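Go ahead and model the full structure; you've got the sequences and the hints to work with.
Chains A and L supply the protein sequences, listed in that same order. If you read the first sequence in the working numbering, its first letter stands for residue 20, the second for the next number, and so on. If you read the second sequence in the working numbering, its first letter stands for residue 20, the second for the next number, and so on.
Hints in this document: simulated from the structure, not taken from any laboratory. Owing to the predicted nature of the structure, the values given are computational and were not obtained by experimental measurement. One should not assume that every hint holds.
Calculated cross-link-like contacts (lysine to aspartate or glutamate; reagent style DMTMM-like; alpha-carbon spacing at most 25 angstroms) [unchecked claim]: (1) L:Lys21 x A:Asp104; (2) A:Lys21 x L:Asp158; (3) A:Lys70 x L:Glu136.
So the derived list for chain A, only partly shown, Cβ under 8 angstroms to chain L, looks like this [what the hints assert, rightly or not]: (4) Ile33; (5) Arg100; (6) Ile120; (7) Val132; (8) Gln143; (9) Val153.
Quick reminder that beta carbons are idealized off the backbone N, C-alpha and C, glycines included.
There are 2 protein chains.
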Amino acid sequence: MKRSELSLIALRRILRATELYGRELARAAGLTAVQIRVLQIVAETGQSTPKTIATRMGVSQATMTTLIDRLVAKGLVDRRRSEADRRQMNIAITPEGRAAIDRAPDPLHDRYVTAFEKLPDYEQAMLVAALERVAALLDAGHLDAAPVLDLGDIRKTLPEE
Amino acid sequence: MKRSELSLIALRRILRATELYGRELARAAGLTAVQIRVLQIVAETGQSTPKTIATRMGVSQATMTTLIDRLVAKGLVDRRRSEADRRQMNIAITPEGRAAIDRAPDPLHDRYVTAFEKLPDYEQAMLVAALERVAALLDAGHLDAAPVLDLGDIRKTLPEE
DNA sequence: ATTGAAATTTCGTATGGCTAACTATATTCC
DNA sequence: GGAATATAGTTAGCCATACGAAATTTCAAT
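Pasting the structure below:
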């Protein structure tokens, strides 16, 4: 079997594991994976506008409105109209929201990080390099579709330069 | 920054790229990503029961019923009652279903594979080893690996604004 | 023959996603 | 200054996906 195929199979295992585990955690936390993700973004940035969060997550503004609606209904975030530009809303996390996040850690984080940090140093370095390489290969097809660009660490280099 | 964090960031880039790609693919093919995945599983195994497919995709039987309903309505698969055990249904792909799979364009996949195969041999080997390692870390505790590309509802995230 | 387990479907409901249309505010430019 | 345009957000309506609970049919074991 070609190595490209082997790599695709491994990728699929990664995607599946992530998805399934994400659902487990979501159930446990009483929140959906998407809701947790929104909460995390808000928590991490302190305050965000719906537009920003939507762009970052790759969904439409309208979808973000309904997601925020639910989080507001649960009391996990609140909306405040911006003073600077009154067209904008600022979404901020509430203490309850923070508590919810602490209760529901990053789906990838728990199981994976612990195992990862037990690996010998050289292997950790290899994994990081490999994952970044693969991410670059996958990102390369998407320059148009991904409105969110992050800066320093993207290597969009394709082989053979 | 810890290497575990770096690896998480890269993983999220991979997940996000895959998900965005899945939506593109779905639009282009006139099928949703999940529908394509069901089709692929059926095609690959020749025949499957709803239970088998549901387990393999990590969704409930009830959900699988509605997915199959849609595919049947489109004429891409058909249901046949099993002779061996008449409680079961066998789901089989139709010629139209096969055509739909073949028609489904695969831009990112192509790009990824093409780019991958241009890498020097030692790097290909490293990537496969690394991906399999990561998959194992994430899989731990889970049962079976899915040989079908998971285009479902995957959480996405990017490290920076 | 009865009882219990298994495979599937049906039903009701929630979530997540989209587009299009609308309101309100900002900006631009004559 | 005011009309035209652009931007941020919400509302409304649609569809796909996901679940649990209950119903149905069939098989298996007592």
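(request) Sort out which numbered hints this structure fails and list those numbers smallest first. (result) 1, 3, 5 and 6
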